[in-house]
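Sequence lines, in order, name chains A, B and C.
For what it's worth, our numbering labels the leading residue of the first sequence as 7, then goes sequentially.
For what it's worth, our numbering labels the leading residue of the second sequence as 7, then goes sequentially.
For what it's worth, our numbering labels the leading residue of the third sequence as 7, then goes sequentially.
Careful: at least some of the hints might be erroneous.
[Unchecked claim] Below, simulated DSSO-like cross-link-like pairs (lysine-lysine); rule was C-alpha separation at most 30 Å, straight line:
hint	chain 1	residue 1	chain 2	residue 2
1	C	K151	C	K190
2	C	K190	C	K72
3	A	K72	A	K258
4	B	K190	B	K151
5	C	K347	A	K258
6	B	K347	C	K258
7	B	K190	B	K72
8	C	K72	C	K151
9	C	K258	A	K258
10	A	K190	A	K151
11	B	K258	C	K258
12	A	K190	A	K219
13	B	K219	B	K347
14	A	K151	A	K72
15	A	K347	A	K219
16	A	K72	B	K151
17	B	K72	C	K151
18	A	K258	B	K258
19	B	K151	B	K72
20	C	K219	C	K190
21	B	K219	B	K190
22	A	K151	C	K72
23	A	K347	B	K258
24	C	K347	C	K219
Since the hints were derived computationally from the structure, they do not count as laboratory data.
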Amino acid sequence: MNAGPMRAVEDLLMPKTSPGNFFEDFRIGQLIQHATPRTVSVGDVALYNGLFGPRFAVQSSDVFAKAIGYPRAPVDDLLVFHIVFGKTVPDISLNAVANLGYAGCYFRSAVFPGDTLTALSEIIGLKENSSRTTGIVYVRTTGMKQDGVPVLEYVRWVMVRKRDPGAPTPGDHVPRLPTTLDPKVLGEACPPIATAAYDTTLSGSAHRFADYKVGERIDHVDGVTVEEAEHQIATRLYQNTARIHFDLFGAKQSRFGRRLIYGGHVISLARALSFNGLANAFHIAAINGGRHVAPLFAGTTVFAWSEVLGSAELPGRTDVGALRLRTVATCDRPCADFPFKAGDDYDPAVLLDLDYWVLMPR
Amino acid sequence: MNAGPMRAVEDLLMPKTSPGNFFEDFRIGQLIQHATPRTVSVGDVALYNGLFGPRFAVQSSDVFAKAIGYPRAPVDDLLVFHIVFGKTVPDISLNAVANLGYAGCYFRSAVFPGDTLTALSEIIGLKENSSRTTGIVYVRTTGMKQDGVPVLEYVRWVMVRKRDPGAPTPGDHVPRLPTTLDPKVLGEACPPIATAAYDTTLSGSAHRFADYKVGERIDHVDGVTVEEAEHQIATRLYQNTARIHFDLFGAKQSRFGRRLIYGGHVISLARALSFNGLANAFHIAAINGGRHVAPLFAGTTVFAWSEVLGSAELPGRTDVGALRLRTVATCDRPCADFPFKAGDDYDPAVLLDLDYWVLMPR
Amino acid sequence: MNAGPMRAVEDLLMPKTSPGNFFEDFRIGQLIQHATPRTVSVGDVALYNGLFGPRFAVQSSDVFAKAIGYPRAPVDDLLVFHIVFGKTVPDISLNAVANLGYAGCYFRSAVFPGDTLTALSEIIGLKENSSRTTGIVYVRTTGMKQDGVPVLEYVRWVMVRKRDPGAPTPGDHVPRLPTTLDPKVLGEACPPIATAAYDTTLSGSAHRFADYKVGERIDHVDGVTVEEAEHQIATRLYQNTARIHFDLFGAKQSRFGRRLIYGGHVISLARALSFNGLANAFHIAAINGGRHVAPLFAGTTVFAWSEVLGSAELPGRTDVGALRLRTVATCDRPCADFPFKAGDDYDPAVLLDLDYWVLMPR
Numbered sequence: 007m008n009a010g011p012m013r014a015v016e017d018l019l020m021p022k023t024s025p026g027n028f029f030e031d032f033r034i035g036q037l038i039q040h041a042t043p044r045t046v047s048v049g050d051v052a053l054y055n056g057l058f059g060p061r062f063a064v065q066s067s068d069v070f071a072k073a074i075g076y077p078r079a080p081v082d083d084l085l086v087f088h089i090v091f092g093k094t095v096p097d098i099s100l101n102a103v104a105n106l107g108y109a110g111c112y113f114r115s116a117v118f119p120g121d122t123l124t125a126l127s128e129i130i131g132l133k134e135n136s137s138r139t140t141g142i143v144y145v146r147t148t149g150m151k152q153d154g155v156p157v158l159e160y161v162r163w164v165m166v167r168k169r170d171p172g173a174p175t176p177g178d179h180v181p182r183l184p185t186t187l188d189p190k191v192l193g194e195a196c197p198p199i200a201t202a203a204y205d206t207t208l209s210g211s212a213h214r215f216a217d218y219k220v221g222e223r224i225d226h227v228d229g230v231t232v233e234e235a236e237h238q239i240a241t242r243l244y245q246n247t248a249r250i251h252f253d254l255f256g257a258k259q260s261r262f263g264r265r266l267i268y269g270g271h272v273i274s275l276a277r278a279l280s281f282n283g284l285a286n287a288f289h290i291a292a293i294n295g296g297r298h299v300a301p302l303f304a305g306t307t308v309f310a311w312s313e314v315l316g317s318a319e320l321p322g323r324t325d326v327g328a329l330r331l332r333t334v335a336t337c338d339r340p341c342a343d344f345p346f347k348a349g350d351d352y353d354p355a356v357l358l359d360l361d362y363w364v365l366m367p368r
Numbered sequence: 007m008n009a010g011p012m013r014a015v016e017d018l019l020m021p022k023t024s025p026g027n028f029f030e031d032f033r034i035g036q037l038i039q040h041a042t043p044r045t046v047s048v049g050d051v052a053l054y055n056g057l058f059g060p061r062f063a064v065q066s067s068d069v070f071a072k073a074i075g076y077p078r079a080p081v082d083d084l085l086v087f088h089i090v091f092g093k094t095v096p097d098i099s100l101n102a103v104a105n106l107g108y109a110g111c112y113f114r115s116a117v118f119p120g121d122t123l124t125a126l127s128e129i130i131g132l133k134e135n136s137s138r139t140t141g142i143v144y145v146r147t148t149g150m151k152q153d154g155v156p157v158l159e160y161v162r163w164v165m166v167r168k169r170d171p172g173a174p175t176p177g178d179h180v181p182r183l184p185t186t187l188d189p190k191v192l193g194e195a196c197p198p199i200a201t202a203a204y205d206t207t208l209s210g211s212a213h214r215f216a217d218y219k220v221g222e223r224i225d226h227v228d229g230v231t232v233e234e235a236e237h238q239i240a241t242r243l244y245q246n247t248a249r250i251h252f253d254l255f256g257a258k259q260s261r262f263g264r265r266l267i268y269g270g271h272v273i274s275l276a277r278a279l280s281f282n283g284l285a286n287a288f289h290i291a292a293i294n295g296g297r298h299v300a301p302l303f304a305g306t307t308v309f310a311w312s313e314v315l316g317s318a319e320l321p322g323r324t325d326v327g328a329l330r331l332r333t334v335a336t337c338d339r340p341c342a343d344f345p346f347k348a349g350d351d352y353d354p355a356v357l358l359d360l361d362y363w364v365l366m367p368r
Numbered sequence: 007m008n009a010g011p012m013r014a015v016e017d018l019l020m021p022k023t024s025p026g027n028f029f030e031d032f033r034i035g036q037l038i039q040h041a042t043p044r045t046v047s048v049g050d051v052a053l054y055n056g057l058f059g060p061r062f063a064v065q066s067s068d069v070f071a072k073a074i075g076y077p078r079a080p081v082d083d084l085l086v087f088h089i090v091f092g093k094t095v096p097d098i099s100l101n102a103v104a105n106l107g108y109a110g111c112y113f114r115s116a117v118f119p120g121d122t123l124t125a126l127s128e129i130i131g132l133k134e135n136s137s138r139t140t141g142i143v144y145v146r147t148t149g150m151k152q153d154g155v156p157v158l159e160y161v162r163w164v165m166v167r168k169r170d171p172g173a174p175t176p177g178d179h180v181p182r183l184p185t186t187l188d189p190k191v192l193g194e195a196c197p198p199i200a201t202a203a204y205d206t207t208l209s210g211s212a213h214r215f216a217d218y219k220v221g222e223r224i225d226h227v228d229g230v231t232v233e234e235a236e237h238q239i240a241t242r243l244y245q246n247t248a249r250i251h252f253d254l255f256g257a258k259q260s261r262f263g264r265r266l267i268y269g270g271h272v273i274s275l276a277r278a279l280s281f282n283g284l285a286n287a288f289h290i291a292a293i294n295g296g297r298h299v300a301p302l303f304a305g306t307t308v309f310a311w312s313e314v315l316g317s318a319e320l321p322g323r324t325d326v327g328a329l330r331l332r333t334v335a336t337c338d339r340p341c342a343d344f345p346f347k348a349g350d351d352y353d354p355a356v357l358l359d360l361d362y363w364v365l366m367p368r
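Kindly generate the complete structure, drawing on both the sequences and the hints.
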């Protein structure tokens, strides 16, 4: 109480720069409303197209989309995912050591230009590591539209540093996570499709749902080289602020010595490459899980191949079927021979092992 | 017939990845409807502007465009060209050795944000080369709007590999191609212009149609250096999938050793540079022909100059006149002395020799 | 009069390429309407977001903006500034030696997608340098909407070459320039804000106007590395044609040996970084002045910190208050210790010293 006015002011001032949450700051059941709502526009769509080059007709053409039952061309599912994910970074993973995985991601409503997205997360698990310097945070995130309609839900788990190793653990619970999503929940974001109006000449392939068999493997042939400007523009488009993607000065002192590309970048590249062989897989209904086997850096060329892991009809729907795919992306390694595992480990060229459900017209 | 179930499945499976068409797959008169319709948006326009920096007032301002007779600012002619061209790549030129030329390109209807473009091609000529390993495919492509209205028509010819040198030639006909378009067909895509409302202060130059004389040469002064990220973003924006533009890993094994930039990129750069000297050439009405004299690679700086090759009134129109231009683009070579030919050959700095018609207000 | 027809034509031909204005071409009181009106779109906004990554909720979300009193999300203030500034380059600074400073910049009306911007400048001062080879041009520029409503006003002064050192000086007057803008003029571009509806969870910070004290300093923590493709795309987006930003071939012969990045680029980077610490500073009301202490080149990483220089209530308004900020941007130098001056000079890492007013909800 004796402090002079200068000191009093300092006491009053809360730090303005957010240091992010540390492991001991989380609580099981905690709800976090993330900042910066975002109205998605045709401008976002165009920039996403310029950065990844997807060619799926439904997302590319209002006319095509309307003909089969959408009110207009929906926004690419992965652009929606990246925007929602980006919002969680300042609260969840600013002090992350590693993003360990995600599961149970499914799309619940189509997003159109003009929709405004927000993100809400719930802490569903916490597990301190034996070193007591870090812990694993399990978080379920829901992306929502302006009217509260959920558009996307997913769980991720991430290793987060503790501020103080001596702090008591804030909780001790590892949630049960789905390894694959039930086909029942697939298709929520897909309106009834007028399959007769689905023009397979315009869509780029005659192959519909029934033409794909479990076990079939597809080389997506093309390769695409990543530039620093491209992944920075993409990651900023999602308002994802993770420093390691942008700060070469700091990255030079990291173990990588260079900027690390946002994990979602390789997912979008692989998805765009997969058009060659999966042109009618017009909608990602769910992501069962994904593993970033190795980090991606600018200057390398990404290739991809896919395997059909499963095939499912959707309860009550005869318009579309679901294919469960594994898409593998590689670094500087064409995929004609489907590189995947080398013994128990992944082939050293593998970047991404993504397990997800797509919808195809029947 | 004795094959087990696994084998039977394999027999049933058609290859999902398109290998593209080889020379012997084409037939004269064959019609090809290309995939991936595309709704053009203000987002595409903004990204095109960021990549090339055109400053023509008609395409930049809805207010300017409305004042002179357009319903709103039309989409840049070359963006329309690139989008239509991009659609043809998977069907026509995936197995191309070289894009040999184009001719008879003219714009038939203005395109506005919200319009959906598709492309239809007809094979109009085929000529096997004496080596029997390749042949030349002549194709007329029409870009169309959602309502079937043609927006653009052009012929290109391209050398395509044969899958099997022993395959019989699928046809033997070289079509007659126009060397320049008749002014009669020019201006279809340009509404009647209220020339009194065409504000030459806002457009950036007082020089109208009558101020340009045949033989006049204009140095466009400025130079622009191309980055890998820029041409990749542009080419993906057009959904052009030609591998050589994106795949550094593969390109390292090619004769160039690096990514080759899409030929249309230098055309757009030269057009944007040409604003300095041709600010009122607000519409490309037709492209008589173009020659990519040398390939463009990232890191080089493009300059350009133009010569007025011809000047024509349009039948029945007093609002606009047509100038036939040669625009030459060069690599790391300013154009104050108009570099063009060195003896019979092109000056080694020349990248592009483009012969086209523009419209200017009278 | 004896010249043959060829010569006569040459005499008639005015040069088509603009050489720009030299010092002796200006007159005090001269008005210059700049070329290329521009309709701003959501595409421009998306590309700006991808290039800089701002996260201010008002500009990001139509829903947030409407809730507090805007008709929809306004266009980022700096995007408006850059577009207006870009228009002046061909007339004012094509023959500039150096951009010396700007002052008295204030925003007079919010800009929304669909608005068309033009720029008008008045020459308000001229001062020949003692060498007689250059002079300083003082110019007041007003950016306007389609309906003539001013959106932005600023003064800049720039050193411009003379074409002919012997030419008489066109004027001799140094105008009085404001060093800081009166809070009275602040807020014209900001509608009445419903502060109760301003959701500080969604905006990313609980700190409102009253939480910031004069003298407080904030490290914005993050760093962002600039790529050549990024600044070129940004500068073309503004239709800014200054050669030195694009022409590596020419730049190699300059004193820098490489492309110089447009000064506005570092302002936009610093503004985006400043979100971390100033998340509710949703509107730049005015720029008192800015100094580009050192040039920015691609490959360097930009950091920033801010100091609160002043705090002001706005006459008649209880919804928002104005903070006067100094934001300092540095090159390859984190800002935890607030680098600024080293003796009388700037710290060698400093790139930008910007003095401006922001509005914050009360």
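Evaluated hints:
Restraint check: the Cα-Cα separation between K151/C and K190/C comes to about 22 Å, which is no more than 30 Å; the hinted pair holds. Note on K190/C and K72/C: the hinted pairing holds, with a Cα-Cα distance of about 25 Å set against a maximum of 30 Å. In summary, the hint linking K72/A to K258/A is not supported, as the alpha carbons are separated by about 49 Å, beyond the 30 Å threshold. A C-alpha spacing of about 22 Å is found between K190/B and K151/B, which places the hinted pair at or below 30 Å, so the restraint holds.
Distance hint between K347/C and K258/A is fulfilled; the C-alpha atoms sit about 27 Å from each other, no more than 30 Å. Straight-line distance between C-alpha atoms of K347/B and K258/C comes to about 27 Å, which keeps the hinted pair within the 30 Å bound. Of the supplied pair hints, the one linking K190/B and K72/B holds, its CA atoms being roughly 25 Å apart against a limit of 30 Å. About 21 Å separates the Cα atoms of K72/C and K151/C, which keeps this hinted pair within 30 Å; it holds.
For the suggested pair K258/C and K258/A, the alpha carbons sit about 27 Å apart, so the restraint of at most 30 Å is met. Among the hinted pairs, K190/A with K151/A is consistent with the structure: their alpha-carbon atoms are about 22 Å apart, no more than 30 Å. The hinted pair formed by K258/B and K258/C meets the criterion: a straight-line CA distance of about 27 Å does not exceed 30 Å. Straight-line distance between C-alpha atoms of K190/A and K219/A comes to about 20 Å, which keeps the hinted pair within the 30 Å bound.
Using a Cα cut-off of 30 Å, the hinted pair K219/B and K347/B holds, with the two alpha carbons roughly 22 Å apart. Taking the CA atoms of K151/A and K72/A, the gap is about 21 Å. The hint holds against a cut of 30 Å. Taking the CA atoms of K347/A and K219/A, the gap is about 22 Å. The hint holds against a cut of 30 Å. Taking the CA atoms of K72/A and K151/B, the gap is about 15 Å. The hint holds against a cut of 30 Å.
Distance check on the hinted pair: K72/B and K151/C sit about 15 Å apart at the alpha-carbon level, within 30 Å; holds. Simply put, K258/A and K258/B have alpha-carbon atoms about 27 Å apart, close enough for the 30 Å limit, and the pair holds. The straight-line distance between the Cα atoms of K151/B and K72/B is roughly 21 Å, inside the 30 Å bound, and the hint therefore holds. Between K219/C and K190/C the alpha-carbon distance is near 20 Å, which keeps this suggested pair within the 30 Å criterion.
A threshold of 30 Å between alpha carbons decides the hint, and for K219/B with K190/B the separation of about 20 Å falls inside it, so the pair holds. Annotation: proposed proximity of K151/A to K72/C holds, straight-line Cα distance about 15 Å (limit 30 Å). With a C-alpha separation of about 27 Å, the suggested pair K347/A and K258/B falls inside the 30 Å cut-off, and the hint holds. A hinted pair counts as satisfied when its Cα atoms are at most 30 Å apart, and K347/C with K219/C qualifies at roughly 22 Å.
The structure shown violates just one earlier hint, number 3.
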